[in-house]
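> Listed below are the residues making up each chain.
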Amino acid sequence: MMQLVSRRRIEVLVDAPLARRIVAMAASVGVTRYTLMPTLGGAGEGGAWTDDQISGAQAKVMYLAVTTQQKAESLIEALTPLLESHGLILMISDVNVVRGGKF
Amino acid sequence: MMQLVSRRRIEVLVDAPLARRIVAMAASVGVTRYTLMPTLGGAGEGGAWTDDQISGAQAKVMYLAVTTQQKAESLIEALTPLLESHGLILMISDVNVVRGGKF
Amino acid sequence: MMQLVSRRRIEVLVDAPLARRIVAMAASVGVTRYTLMPTLGGAGEGGAWTDDQISGAQAKVMYLAVTTQQKAESLIEALTPLLESHGLILMISDVNVVRGGKF
Amino acid sequence: MSFDALFSPVILFFVLGAAAAFARSDLSVPEAIAKSMSLYLMTAIGLKGGVEVNASGFTMQMLAAALAGVALSFLLPLPAFIALRRFGKLDAINAGAVAAHYGSVSVVTFVTGVEVLGARGMPPAGYMVAVLALMETPSIIAGLWLARRGGAGGKQPAGDLLRETLLNGSVVLLVGSFVIGFIAGKQGFAPIAPFFEAGFRGVLCLFLLDMGLIAARRLREARSLTGRVALLALIFPILNGAIGVAVGSAIGLDAGSVAAFGILAGSASYIAVPAAMRLALPQADPGLYLAMSLAVTFPFNVTLGIPFFTWLAVRVTA
Amino acid sequence: MSFDALFSPVILFFVLGAAAAFARSDLSVPEAIAKSMSLYLMTAIGLKGGVEVNASGFTMQMLAAALAGVALSFLLPLPAFIALRRFGKLDAINAGAVAAHYGSVSVVTFVTGVEVLGARGMPPAGYMVAVLALMETPSIIAGLWLARRGGAGGKQPAGDLLRETLLNGSVVLLVGSFVIGFIAGKQGFAPIAPFFEAGFRGVLCLFLLDMGLIAARRLREARSLTGRVALLALIFPILNGAIGVAVGSAIGLDAGSVAAFGILAGSASYIAVPAAMRLALPQADPGLYLAMSLAVTFPFNVTLGIPFFTWLAVRVTA
Amino acid sequence: MSFDALFSPVILFFVLGAAAAFARSDLSVPEAIAKSMSLYLMTAIGLKGGVEVNASGFTMQMLAAALAGVALSFLLPLPAFIALRRFGKLDAINAGAVAAHYGSVSVVTFVTGVEVLGARGMPPAGYMVAVLALMETPSIIAGLWLARRGGAGGKQPAGDLLRETLLNGSVVLLVGSFVIGFIAGKQGFAPIAPFFEAGFRGVLCLFLLDMGLIAARRLREARSLTGRVALLALIFPILNGAIGVAVGSAIGLDAGSVAAFGILAGSASYIAVPAAMRLALPQADPGLYLAMSLAVTFPFNVTLGIPFFTWLAVRVTA
Ligand SMILES: Nc1ncnc2c1ncn2[C@@H]1O[C@H](COP(=O)(O)O)[C@@H](O)[C@H]1O
Ligand SMILES: Nc1ncnc2c1ncn2[C@@H]1O[C@H](COP(=O)(O)O)[C@@H](O)[C@H]1O
Ligand SMILES: Nc1ncnc2c1ncn2[C@@H]1O[C@H](COP(=O)(O)O)[C@@H](O)[C@H]1O
Ligand code: NA
Ligand code: NA
Ligand code: NA
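Protein chains in written order, with the working numbering: chain A, 18 to 120; chain B, 18 to 120; chain C, 18 to 120; chain D, 76 to 393; chain E, 76 to 393; chain F, 76 to 393.
FYI, nobody ran anything at the bench for these hints, they're computed from the structure. Each hint should be verified, as a subset may be incorrect.
Below are the SDA-like pairs computed for lysine to any residue, each with C-alpha atoms no more than 20 Å apart in a straight line [unchecked claim]:
{"id": "1", "chain 1": "B", "residue 1": "Lys88", "chain 2": "A", "residue 2": "Met108"}
{"id": "2", "chain 1": "F", "residue 1": "Lys164", "chain 2": "F", "residue 2": "Pro154"}
{"id": "3", "chain 1": "B", "residue 1": "Lys119", "chain 2": "A", "residue 2": "Thr97"}
{"id": "4", "chain 1": "A", "residue 1": "Lys119", "chain 2": "C", "residue 2": "Ala65"}
{"id": "5", "chain 1": "B", "residue 1": "Lys119", "chain 2": "A", "residue 2": "Gly61"}
{"id": "6", "chain 1": "A", "residue 1": "Lys119", "chain 2": "C", "residue 2": "Met108"}
{"id": "7", "chain 1": "B", "residue 1": "Lys88", "chain 2": "A", "residue 2": "Gly61"}
{"id": "8", "chain 1": "A", "residue 1": "Lys88", "chain 2": "A", "residue 2": "Ala44"}
{"id": "9", "chain 1": "F", "residue 1": "Lys261", "chain 2": "D", "residue 2": "Gly193"}
{"id": "10", "chain 1": "F", "residue 1": "Lys261", "chain 2": "D", "residue 2": "Ala273"}
{"id": "11", "chain 1": "F", "residue 1": "Lys261", "chain 2": "F", "residue 2": "Gly132"}
{"id": "12", "chain 1": "B", "residue 1": "Lys119", "chain 2": "B", "residue 2": "Glu28"}
{"id": "13", "chain 1": "C", "residue 1": "Lys119", "chain 2": "D", "residue 2": "Arg298"}
{"id": "14", "chain 1": "C", "residue 1": "Lys119", "chain 2": "B", "residue 2": "Lys88"}
{"id": "15", "chain 1": "A", "residue 1": "Lys119", "chain 2": "F", "residue 2": "Gln358"}
{"id": "16", "chain 1": "C", "residue 1": "Lys88", "chain 2": "B", "residue 2": "Gln20"}
{"id": "17", "chain 1": "A", "residue 1": "Lys119", "chain 2": "C", "residue 2": "Gly58"}
{"id": "18", "chain 1": "B", "residue 1": "Lys119", "chain 2": "A", "residue 2": "Ala44"}
{"id": "19", "chain 1": "A", "residue 1": "Lys88", "chain 2": "C", "residue 2": "Glu62"}
{"id": "20", "chain 1": "B", "residue 1": "Lys119", "chain 2": "A", "residue 2": "Ala60"}
{"id": "21", "chain 1": "A", "residue 1": "Lys119", "chain 2": "C", "residue 2": "Lys88"}
{"id": "22", "chain 1": "A", "residue 1": "Lys88", "chain 2": "B", "residue 2": "Gln20"}
{"id": "23", "chain 1": "A", "residue 1": "Lys119", "chain 2": "F", "residue 2": "Ser299"}
Computed beta-carbon distance windows for the label pairs [to be verified]:
{"id": "24", "chain 1": "D", "residue 1": "Gly193", "chain 2": "F", "residue 2": "Leu81", "range": "43 to 53 Å"}
{"id": "25", "chain 1": "A", "residue 1": "Glu90", "chain 2": "E", "residue 2": "Asp166", "range": "41 to 51 Å"}
{"id": "26", "chain 1": "D", "residue 1": "Leu237", "chain 2": "B", "residue 2": "Asp111", "range": "41 to 51 Å"}
{"id": "27", "chain 1": "E", "residue 1": "Leu138", "chain 2": "F", "residue 2": "Ser77", "range": "31 to 41 Å"}
{"id": "28", "chain 1": "E", "residue 1": "Ala321", "chain 2": "C", "residue 2": "Gly63", "range": "32 to 42 Å"}
{"id": "29", "chain 1": "E", "residue 1": "Ala146", "chain 2": "C", "residue 2": "Gly63", "range": "42 to 52 Å"}
{"id": "30", "chain 1": "D", "residue 1": "Leu237", "chain 2": "C", "residue 2": "Leu21", "range": "31 to 41 Å"}
{"id": "31", "chain 1": "B", "residue 1": "Asp111", "chain 2": "C", "residue 2": "Ser45", "range": "28 to 38 Å"}
{"id": "32", "chain 1": "E", "residue 1": "Ala146", "chain 2": "F", "residue 2": "Gln262", "range": "57 to 67 Å"}
{"id": "33", "chain 1": "F", "residue 1": "Leu81", "chain 2": "A", "residue 2": "Ala41", "range": "33 to 43 Å"}
{"id": "34", "chain 1": "D", "residue 1": "Gly193", "chain 2": "C", "residue 2": "Ser102", "range": "47 to 57 Å"}
To list a few chain D residues with every Cβ distance to chain F over 10 Å, as calculated [to be verified]:
{"id": "35", "residue": "Phe88"}
{"id": "36", "residue": "Gln136"}
{"id": "37", "residue": "Val145"}
{"id": "38", "residue": "Ala167"}
{"id": "39", "residue": "Arg238"}
{"id": "40", "residue": "Arg276"}
Ideal Cβ positions, reconstructed from N, Cα and C, are used throughout, including at glycine.
Looking at chain A on its own, in the form it has when it is part of the complex (with noise of 0.2 Å):
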């Protein structure tokens, strides 16, 4: 079997009008690699939200990046200050792949 190496898998759920400026800020720290993934709604602080909207501006995707224990903490420390501003919400968990030099 081949060798499965460990990485930080890391969550960003954030607002559609906003992910182009996330996907900018990781590239920034070294994180060019990612996916995107829809969501349907939610509830938080700021009340609940559900996607059916004309305007899209508070439809949310989630981030996904799987990456280096270095890289994620240079991008964590990248996103908080976005994270009370921009309204993030942002998870970190272990995930491990094969073929480590990919991620």
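Chains B, C, D, E and F with the ligands: place on chain A using the hints.
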């Protein structure tokens, strides 16, 4: 770097018409913050399904909540009786977050 | 509280037209239960992509299966030769479930 | 019996969809569009019915048809339940859930029937749309009552369920459009008529293409569909449809409306009832009731049932 | 004042949607379709305006209307900002974000107004579509300036923001369709006219059904909507609309165009401005500005505002 | 050569989409709608072709056109493959994958061409739709054979692949609609004609708007598109189109059909072939073949290619 704190990530795969009920049940044990994510299809004990149906009665959504160990336990306890009758799939994992107070 | 048991969560990001093949391959090593989740776009070694295309040939879906350590290993072994040729992204993590018999 | 309708494009698109799915083609209609076409068809038929009732005014026959429809929706689940328990060998919960589907109606079967009847020069009366709307929900109550007598634990408060059932999106849209059509009348409808009339049959074609795909895929993947319940899914529409024709002619409707009554009684719900059952009887197997309703009864009705009920209606009212 | 328009199907569908959402029906229009209907309406109105201006040629009045529109979009946020700060008790960031919405315009309010005016035999001039497009963005700059004077940290480079605002999808589509309509002229438009004209009112019905659902759901879930800001969301359209009517008649437009001017000034954006605010002022609360614009001002304008501005325009230009 | 067609709204919407994407506007058409418009266009063109062939009956010329189309689809990949290997410096797998695209056809290029030809009073024959359907898949077999000679490990059983290719959703829908149109004939088509005819050009406008957005975005992000392959993506349509015109006139078709033949031969697939290649040659780079087909060849054909092939056809058949 900001303090990472440990939380529990709960995911529940639930039929779309029943999602409202899971949200309400979670709220009743104090888990009021959540995000719903879409799915496309799958297969389990009950056979295969896809989301291409008109009725939507068999479409499923993923309920995602990050919460404390203690609230997670209450939620799991509350959901357990429904697992069989409502055909839920429940997953729990560890996750780290910044700004632990929010979760 | 019900017994939580430990399982492996396998996620495979795969091109939509190839998803059927991953499902079949997983079934051939005994992983018959899974859920497919949609994605919106992303970037990797092969450049950036989004799902806004007519052809759908480059849209990707996330295959998710929760299974035992042993079956997970068989699945990873089965998938490894395809990682390069089919451009798959494979993630493995730990997850807890209730009703372990189902997974 | 005339099967000419089988060669109309509307039905041929259904056949194309089913054939594509059986051949495992990857043809598919995006779910958002399928749902929207369904909304469009319900709005269009609701408006049309309302406009017609506005023109014709209320009559006693209308009232009789409405009451008969409600009664049928309440009563048809009972024999179905018994057959599903005895012959189909289902438990009370699944039998109740399935029975509710057969008391209720299928909007698209009705719409297809209206097209076929119109092409034969015997369009049903406009108020049949109201009968359609009225028949959607009573069977849900009957089916739940049958299932619960058999022991289904209903934790859901009854008020909640009633609200969720009566306010099911499809019921609201059908009734709402009917009311809007009634308020607007022919004159108010004129400016929006091009959209809701010119496009109607074409949308129905694409919608039935998708229904063909869905029905065939569901049939292929249906695990819980035993030979016995599949047989019942063919017998129910025939018997219920015949009962519908009999009742319709007993209350003195015209041939077109009698046929429409048969189509309504013979059809099985695949929108409002499955959604209600998922909420009220989550233990029931959706794979079973959707396979029966969508994958067996719907194709039967759209191809053979409609001509059969029409033939019966013509004979009975002759 | 004539409220006949309230009983046109277009408005009745809005009411149906709102009623369904208040009753907690699960009726919903798929998001992809809602967005597409919005694209369709913008394309259709843009083309129509362009074709009309191609036919009428450029006039000084057109230029006057354009300049007045831009000026209004720039200036209307200022009094709104002051009211939101003083009476509404909002901080500078939220007040600036909300003010920007009220300087800008709502395409669907305009479209609905054009329908109502057309039915009353007083259609606005074709160039009002260009005025609509011109009024979408200036208020964003005004709102941001107001918010930043109040301390909002704008880390976003100004050039980026200007580009993102001016190139907002809805602005690009509206302007682009207008230009295409202008190039094509009546003759070039003829082959595509059936699609963009025959379907227009019907699509508007379904779109307003969805807007009713969205507005009512948003109102029900709006946490940040205090009584004070809700009141402002009713006062702004009345005052801004009256200012619009005054300005329109001052520059000598016809009654229909004066009414359209009032509708534009009185309406609040819910597409271009929210998207811009989310980018430029992410700290501002989208729940607040969308609730004001979509859940209070939009329903008010579509039901009462349009007849009011029309009545005012008729009186002023009489 | 007449470039009037460049100023028709259909093409202008394509230009608008491309311009918006280059300017980095966030304008976008929901994917579900784009796919549905594509289904609609294929259904409409299939029906229309079938109805026309029903009216004209089968002829020897039809057979000749069909055989010529299949032969071209089989043979055109070979010179393309050699050029891609030698001049384009691609490996065998990518060269085979790309070559398959250029032997096959683009439905929307054909549809746009039919519009342009119709406007010039030289509509192609109805059976050209059947030729279109026949040309979709042979090139896939040719491309795979070329790629595998070059060493691509085909683990996929050949039967499976053939099924997946022949049953690609777009092929099934095109052929199925053609057959339905043929069965229905003019009379059976009449009731659904408003939907499939009146809306056609308008839908094509919005679809091309989206194609402009997609093509331009793909061009901007195309990493694997070297100058050499981009040049080939311009040369292939010109040469293949010229060959198509020559073959079409050799078998004695009318000018409109000859032009359509050129358009088919010159166009490159972006639906059926990419899907097949992803399955059969997953190692090939989709970024490369989609960039060539969608981002270079398609825009070229829609703007310059169609007038060029038309001009050529007129000269050759004069
Ligand atoms: N604990 C949580 N678990 C899952 N999703 C959350 C959680 N907290 C917030 N969210 C999501 O993030 C969005 C914004 O959160 P907030 O900033 O708290 O309003 C919410 O609407 C939810 O969709
Ligand atoms: N082990 C699993 N991994 C991922 N998804 C699963 C798993 N088991 C079940 N599911 C999902 O849950 C749905 C219902 O499961 P079941 O109740 O077993 O039919 C399935 O159709 C799958 O979408
Ligand atoms: N490290 C990563 N984290 C998240 N998604 C990734 C990562 N690497 C690749 N992907 C996704 O997988 C796709 C294919 O990756 P690649 O084969 O590297 O081009 C990318 O376009 C992303 O959507
Ligand atoms: Na029935
Ligand atoms: Na305004
Ligand atoms: Na070709």
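> Hints first: check each against the structure and report whether it holds.
Going through the hints against the structure:
At most 20 Å may separate the alpha-carbon atoms for a hinted pair to count; B/Lys88 and A/Met108 meet this at roughly 18 Å. Our distance criterion of 20 Å between C-alpha atoms is met by F/Lys164 and F/Pro154, whose separation comes to about 14 Å. Of the supplied pair hints, the one linking B/Lys119 and A/Thr97 holds, its CA atoms being roughly 14 Å apart against a limit of 20 Å. Annotation: proposed proximity of A/Lys119 to C/Ala65 holds, straight-line Cα distance about 15 Å (limit 20 Å).
For the given pair, B/Lys119 sits about 9 Å from A/Gly61 by alpha-carbon distance, which is consistent with the 20 Å threshold. Of the pairs offered as hints, the one joining A/Lys119 and C/Met108 holds, with about 12 Å between alpha carbons and a cut-off of 20 Å not exceeded. A threshold of 20 Å between alpha carbons decides the hint, and for B/Lys88 with A/Gly61 the separation of about 16 Å falls inside it, so the pair holds. Distance hint between A/Lys88 and A/Ala44 is fulfilled; the C-alpha atoms sit about 10 Å from each other, no more than 20 Å.
Restraint check: the Cα-Cα separation between F/Lys261 and D/Gly193 comes to about 19 Å, which is no more than 20 Å; the hinted pair holds. This hinted pair checks out: F/Lys261 and D/Ala273 have alpha carbons roughly 17 Å apart, not beyond 20 Å. For the hint pairing F/Lys261 with F/Gly132, the CA-to-CA distance comes to about 13 Å; that is within 20 Å, so the pair holds. With a C-alpha separation of about 18 Å, the suggested pair B/Lys119 and B/Glu28 falls inside the 20 Å cut-off, and the hint holds.
Distance check on the hinted pair: C/Lys119 and D/Arg298 sit about 18 Å apart at the alpha-carbon level, within 20 Å; holds. For the given pair, C/Lys119 sits about 24 Å from B/Lys88 by alpha-carbon distance, which is inconsistent with the 20 Å threshold. Taking the CA atoms of A/Lys119 and F/Gln358, the gap is near 17 Å; set against the 20 Å cutoff, the hint holds. Taking the CA atoms of C/Lys88 and B/Gln20, the gap is about 36 Å. The hint is violated against a cut of 20 Å.
Simply put, A/Lys119 and C/Gly58 have alpha-carbon atoms about 18 Å apart, close enough for the 20 Å limit, and the pair holds. The suggested pairing of B/Lys119 with A/Ala44 is violated, with an alpha-carbon distance near 27 Å, which exceeds 20 Å. This hinted pair checks out: A/Lys88 and C/Glu62 have alpha carbons roughly 17 Å apart, not beyond 20 Å. For the hint pairing B/Lys119 with A/Ala60, the CA-to-CA distance comes to about 12 Å; that is within 20 Å, so the pair holds.
Restraint check for A/Lys119 and C/Lys88: the C-alpha separation of about 24 Å exceeds 20 Å, so the hint is violated. Our distance criterion of 20 Å between C-alpha atoms is met by A/Lys88 and B/Gln20, whose separation comes to about 16 Å. For the suggested pair A/Lys119 and F/Ser299, the alpha carbons sit about 19 Å apart, so the restraint of at most 20 Å is met. Against the hinted window of 43 to 53 Å, the Cβ-Cβ separation of D/Gly193 and F/Leu81 comes to about 44 Å, which satisfies the hint.
Between A/Glu90 and E/Asp166 the beta carbons are some 34 Å apart, a value that contradicts the proposed interval 41 to 51 Å. A beta carbon spacing of about 43 Å between D/Leu237 and B/Asp111 agrees with the range 41 to 51 Å that was offered as a hint. Judged by the Cβ atoms, the range 31 to 41 Å given for E/Leu138 and F/Ser77 holds: they are separated by roughly 36 Å. Between E/Ala321 and C/Gly63 the C-beta distance comes to about 59 Å, which lies outside the given range of 32 to 42 Å.
Evaluation of the 42 to 52 Å hint for E/Ala146 and C/Gly63 yields a pass: the beta carbon distance comes to about 50 Å. Look at D/Leu237 against C/Leu21: about 38 Å separates their beta carbons, and that is inside 31 to 41 Å. Under the hint 28 to 38 Å, the C-beta atoms of B/Asp111 and C/Ser45, about 31 Å apart, fit the expected range. Hint check: E/Ala146 to F/Gln262, Cβ distance near 60 Å, so the stated range 57 to 67 Å holds.
Between F/Leu81 and A/Ala41 the CB atoms are about 37 Å apart, so this pair conforms to the stated range of 33 to 43 Å. Separated by about 56 Å at the C-beta atoms, D/Gly193 and C/Ser102 satisfy the suggested range of 47 to 57 Å. The claim that D/Phe88 lies off the interface is violated: its Cβ sits roughly 7 Å from the closest Cβ of chain F, which falls inside the 10 Å cut-off. With a least CB separation of 29 Å from chain F, D/Gln136 remains clear of the 10 Å interface cut-off, as annotated.
The non-interface label for D/Val145 is consistent with chain F: the shortest C-beta to C-beta separation is roughly 33 Å, beyond 10 Å. Its beta-carbon lying about 40 Å from the closest one in chain F, D/Ala167 satisfies the requirement of being farther than 10 Å from that chain. Non-interface call for D/Arg238 relative to chain F: holds, since the shortest CB-CB distance, roughly 30 Å, exceeds 10 Å. Distance to chain F contradicts D/Arg276 as a non-interface residue, since its nearest Cβ pair spans about 5 Å, not more than 10 Å.
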